[in-house]
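Student: Protein chains in written order, with my numbering: chain V, 1 to 634; chain Z, 1001 to 1269; chain C, 2001 to 2350.
Be careful, since some hints might not be right.
[Unchecked claim] The calculated lysine to aspartate or glutamate pairs, modelled on DMTMM-like cross-linking and capped at a C-alpha distance of 20 Å, are:
{"id": "1", "chain 1": "Z", "residue 1": "1214", "chain 2": "V", "residue 2": "109"}
{"id": "2", "chain 1": "Z", "residue 1": "1214", "chain 2": "C", "residue 2": "2221"}
{"id": "3", "chain 1": "V", "residue 1": "217", "chain 2": "C", "residue 2": "2028"}
{"id": "4", "chain 1": "Z", "residue 1": "1231", "chain 2": "C", "residue 2": "2136"}
{"id": "5", "chain 1": "V", "residue 1": "359", "chain 2": "C", "residue 2": "2140"}
{"id": "6", "chain 1": "V", "residue 1": "369", "chain 2": "C", "residue 2": "2028"}
{"id": "7", "chain 1": "Z", "residue 1": "1214", "chain 2": "C", "residue 2": "2028"}
{"id": "8", "chain 1": "V", "residue 1": "217", "chain 2": "C", "residue 2": "2185"}
{"id": "9", "chain 1": "Z", "residue 1": "1231", "chain 2": "C", "residue 2": "2140"}
{"id": "10", "chain 1": "V", "residue 1": "115", "chain 2": "C", "residue 2": "2136"}
{"id": "11", "chain 1": "Z", "residue 1": "1214", "chain 2": "C", "residue 2": "2136"}
[Claimed, not checked] Ranges between beta-carbon positions, derived for each pair:
{"id": "12", "chain 1": "V", "residue 1": "556", "chain 2": "C", "residue 2": "2136", "range": "47 to 55 Å"}
{"id": "13", "chain 1": "C", "residue 1": "2043", "chain 2": "V", "residue 2": "521", "range": "16 to 24 Å"}
{"id": "14", "chain 1": "C", "residue 1": "2043", "chain 2": "V", "residue 2": "594", "range": "47 to 55 Å"}
{"id": "15", "chain 1": "Z", "residue 1": "1217", "chain 2": "C", "residue 2": "2233", "range": "17 to 25 Å"}
Derived from the structure by calculation, the hints contain no laboratory data.
The structure displayed is predicted, hence computed values, not measured ones.
For every residue, glycine included, the Cβ atom is placed at its ideal position computed from N, Cα and C.
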Amino acid sequence: MTNIERHNYDVVVIGAGGAGLRAAIEARLAGKRTAIISKSLFGKAHTVMAEGGAAAAMGNANAGDNWMVHFRDTMRGGKFLNNFRMAELHATEAPERIWELETYGALFDRTSDGKISQRNFGGHEYPRLAHVGDRTGLELIRTLQQKIVSLQQEDFAATGNYESRLRVFAETTITELFVENGRIAGCFGYYRESGEFVLFETPSIVLATGGVGKSYKVTSNSWEYTGDGHALAMRAGATLINMEFLQFHPTGMVWPPSVKGILVTESVRGDGGVLKNSEGKRFMFDYVPDVFRKQYAETEEEADRWYTDPDNNRRPPELLPRDEVARAINSEVKAGRGTPAGGIYLDIASRRSPEFILKRLPSMHHQFKELADVDITASPMEVGPTCHYVMGGVEVDPDTAAAAVPGLFAAGEVSGGMHGSNRLGGNSLSDLLVFGKRAGEYAARHADEAVKRAKVSAAALNAAVETALAPLGRGEGGENPYTLHSELQQVMNDLVGIIRRRSELEESLGRLADLKERVKKVGVAGGRRYNPGWHLALDLRNMLAVSECTAKAALEREESRGGHTREDFPKMDPNWRRVNLVCSLRDEDVRLERKPLPKMRPELMQLFDRAELSKYLTDEELAEFDELAGKADA
Amino acid sequence: MTTTATRPAGQRPRAAIAAKTLRTDRWWLAPLLTVSLLTLWVAYATVRAFMQKWYWVDDYHYLTPFYSPCVSTGCVPESAEFGRFLPNWPIIPFAAVTLPFLLLFRLTCYYYRRAYYRSFWASPPACAVPDGHKSYSGETRFPLIFQNAHRYFFYAAILISIINTWDAIVAFHGKGGGFGFGLGNLVLLGNVVMLWAYTLSCHSCRHIVGGRLKHFSKHPVRYRAWGFVSKLNAKHMQLAWITLGTLMLTDAYVMAVSAGWISDLRFFH
Amino acid sequence: MGEKRNFRVWRGDDSSGQLQDFQVEVNEGEVVLDIIHRLQATQAPDLAVRWNCKAGKCGSCSMEINGKPRLGCMTRMSTFEPTETVTVTPLRTFPVIRDLVTDVSFNYQKARELPAFAPPAGVAPGEYRMQQVDVERSQEFRKCIECFLCQNVCHVIRDHEENKPAFAGPRFFIRAAELDMHPLDARTDRKDMAVEEQGIGYCNITKCCTEVCPEHIKITDNAIIPMKERAVDRRYDPIAWLGSKIFRRDQLDRPAGYATTAVASRPNAGTTSSPAEHAAAAGAQGDISMNWHREAAVGHAAPVGPDGKLPVTEFTGELAGAQSPFGDDVAFPMAVQDITYQHPTKPDEH
Ligand SMILES: Cc1cc2nc3c(=O)[nH]c(=O)nc-3n(C[C@H](O)[C@H](O)[C@H](O)COP(=O)(O)OP(=O)(O)OC[C@H]3O[C@@H](n4cnc5c(N)ncnc54)[C@H](O)[C@@H]3O)c2cc1C
Ligand code: SF4
Ligand code: SF4
Ligand code: FES
Ligand code: FES
């Protein structure tokens, strides 16, 4: 107890990805003493991996673009399950947030008139993604990192201490949030480097811990994505929504094995790449769902014309939203038309010149060359679905990003609702900025309002220390964390994967319950200093809690929508659209509740065609819409 | 219980690895080659610079670059296109006006610096191989701070390249006057082309031509020039070695013809 | 299934360590990081290694493989002979934490010392207009994934710990070049800073940084040499130099605020002296067993409020607790090697 390092901050941001950094900047600009905590080094968070770009309706590439179109695309992509208010805020504020980055020093690719260039991406009606080659995430995080440094320099000029108002705790993992009297009081964690414990006392915590992909075997996500934020929030008493919706990126590398899961950016398709099965057939034309029939080309000729003349032709079906593409690939592979490694071919080599590919996809080319010794200008890639993004997350208030527990805020991938049942490519990076800013702003405001700050009780602190030390205490005699982890991944991959069935989901719940018991007995050898086995042992608990939510919610939702596909309920059901599944924790047990979706405001509703709405809404809702429309006409 | 931020800063040790380097490839090969080749070349050039003969082929007006411009009173009058004013002493090379600049141009050249720092100074001999020096101050102090004067030697080198070009032009000389053309001309010409390529690919040149600009878009012509120099610049190392070769070859050829060891192959006159 | 291969991995911490031999399975298409992970999962669960993306994008997994600084996730096993023993060690230039993990905070400290992008006055967000040809040069440098391999390989600090205070390293030379070439950056003194604050003069352009950069940034050709040339424009151009001597232009040229933010307010100027001073000191003190050039913590300046006064209570101060007379960053007891003090009675024991 005596050796626990204590810090006092106005705002503590957990996570140093795009959302966390943006929140911290905002909190610091509001004059709050702010701490940023990250499991990895500063500037290495998962956001660096984002490639394609950040969606914002700036209208630089096509003047027809505006926030309403973006809003429509987002809702359509999320199959109308999105929290409409979040989608609205996101669409309206994204351009400002992107422009702001330029004042921090970001250098996006430019159009010929000197504005930010925007590129095509699946699901977006207009070219909309601000980008820098194919390393947009890196640019974003580096820019925010450098903005933080510049704020620290200002503080240094003012106080002689770089860290007087804004401090980064790199390689520090938070394992517990403290709630006293129903409000956030602080959080607890350890320095990975030394294994020493650290306690932060604070009235406001912003969760920005990213996603959960590490529970899956084939994933584009790194070790950071163990769902810590999701689990922390639940344990603190907050709720998660939409956990059944996971995005499987349609094109992750499946061969060679060492790079399994690493993504092939969608821009390969945007720039002319096509998907072919082992028979050499361009199969996507067979998989255009009725909802999209109107917007997508029906013949290869028309599709090919689109690249040069998008105004008069419909888009190639390779650019359908991700879930459609993932599902199509899955069906092809299951039908025995896949590659030996269980994927399909993504071919750009035979369709574009090597110079074009090098110019447009430099780091893709670099990555394949260096990692796999494959030359994408010469041969097709072998790709297949990869767990990529979790749409579900902490249930928050759209405007303030506040979770159910006063003082707790969430932004970025860890928050839920914004993307509905499926996220459009590029919407995440702008989501980080828009809601990161909001979370920071309201967290700062909350810190102001919290006049009397709650103290962390000694008992809670002791319990946190004990939990953290338990695996070390059991030593090598306990369960091996690496084995448990791979078993968990196997369960999730096989039973709660991209295509789901009742029987499998039920089985998964049993297996997860077993694992949960075994995780309680996990033990590791070695000391506290940078001991990866210990770190994993502590993360397992979070992964399990989150996996259980996903499995339970997936079993409950008896329809297929976006990132949730039930083989036994292959159709979208308008009645299910009105329901969110909400997870919470009671004594280690995951509970699931149904909650109605907030109702979209009429003027937003009227942005859509009736024909389109009719695919998503119940008759009852449609009648309401007609009534509205009638009123508007009259 | 510490309330303020930092853990003790102090210096912490590096990993205790006994081996000085764990590189398993033949990292010593490159510095070894550089030392051998440069030594060889310098030896040859020194001998030739002080030899004071076999630098001029009177029949065809071939002048070796090592003696250009020939400005000593000891020069053959026809070879001295730019006057003769230096005293004819054995310790003063006939081209003593330009040789120091050429030497300094190459000595301060960013590529040669890299080459000889690595090979002669072993600073470092190869990447991730310790340099073994007790202390190191790089180019921050006298005398190495003068490496920054490279740009001025570059200007000189441009002038000298013009002189070499002139030499190559007047060498189109037939036996007994009038136009002539032989293998020696090709050698001289090839050398001059390479010298220009090397000189223009200089990093200082790249900077002066356009690299110093902040807005390329406002200076389209200089941007194109910069693009051209940048392309050459990427080959600067190769050009540095090629020109050492062509210089030596040209000189050896002129020497051989001048000494009568071989006779020039004439295509015309 | 794959075959067994020989691996030697450095294991240890800041007190000691040694190379340890392992026999481990290697499959087709794997990279060194995969093998390290297999070691973790099967033979050495507490083997410390830093990694994140496993795709060469985050720059976490920097290590030295067969003596060469590389990214573990970008070094394919197929580049080695099947019989070859692969030796993996932590970065040498930075203090080791444990096994393959080193303390790279040096780099974050250097990052802070370089003034950030200065937005142009009077240009609103959304009004930034830049041409692609103008941003391309800087974009090359923004590809940097901060793996710090270049910092690690640079002999200026790799072989000369004492140069660390005065030398920012290649990563930050490209950052300086990036900002100096940024079409809208408002600062004009970056060339001087490269020389005075960053110690670009220490670099002898031997190009090891370029050789190891996994992003293939032409660090030396496109950043360091152009920055040196730009500095020549300002500092070694005889005409400009003469002018500056006569008119003291070197001082007039600096934008207001530079002197106060970067130099004057640096409280303990002694530890971060200019390269020239520093080099002189290093030269005079050849024997560094006393470690005169240690990176001691820079103390805080007094945290005065806007009224120029110290806060009276800790509640209004920036830091909780009373101000320490030694600076709030100094923790006691100090480590022995940090003390600039030689015991008078034991002259020959160091
Ligand atoms: C390969 C790939 C490509 C992508 N491409 C795109 C794209 O083109 N466009 C797009 O919009 N989106 C893309 N995405 C999605 C997007 O990158 C992520 O959703 C987004 O970066 C998430 O950001 P974040 O700020 O929420 O979290 P992250 O950037 O993941 O940061 C999480 C942070 O939380 C920290 N953390 C986690 N747990 C703890 C803990 N317990 N204690 C302390 N700290 C903790 C981590 O260390 C990290 O700093 C892509 C994702 C991947 C994987
Ligand atoms: S070129 Fe300069 S900065 Fe790069 S490694 Fe060599 S000395 Fe260091
Ligand atoms: S410049 Fe290259 S080597 Fe240096 S840190 Fe950046 S990516 Fe790594
Ligand atoms: S001649 Fe080599 S850099 Fe100038
Ligand atoms: S793990 Fe990210 S670069 Fe290797």
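Student: All the hints need checking, so say for each whether the structure fits it.
Tutor: Hint check results:
1. Z:1214 / V:109: 17 Å, holds
2. Z:1214 / C:2221: 17 Å, holds
3. V:217 / C:2028: 19 Å, holds
4. Z:1231 / C:2136: Holds, at about 16 Å.
5. V:359 / C:2140: It holds: about 14 Å lies between the C-alpha atoms, which stays within 20 Å.
6. V:369 / C:2028: 16 Å, holds
7. Z:1214 / C:2028: 48 Å, violated
8. V:217 / C:2185: 45 Å, violated
9. Z:1231 / C:2140: Between residue 1231 of chain Z and residue 2140 of chain C the Cα gap is close to 16 Å, so the pair holds against 20 Å.
10. V:115 / C:2136: 14 Å, holds
11. Z:1214 / C:2136: 11 Å, holds
12. V:556 / C:2136: 47 to 55 Å: Holds, since residue 556 of chain V and residue 2136 of chain C (Cβ atoms, about 52 Å apart) stay within the stated range.
13. C:2043 / V:521: 16 to 24 Å: Because 22 Å falls inside the window, the suggested range holds.
14. C:2043 / V:594: 47 to 55 Å: 48 Å, holds
15. Z:1217 / C:2233: 17 to 25 Å: Holds, at about 21 Å.
Checked against the numbered hints listed earlier, the structure breaks hints 7, 8; every other hint is satisfied.
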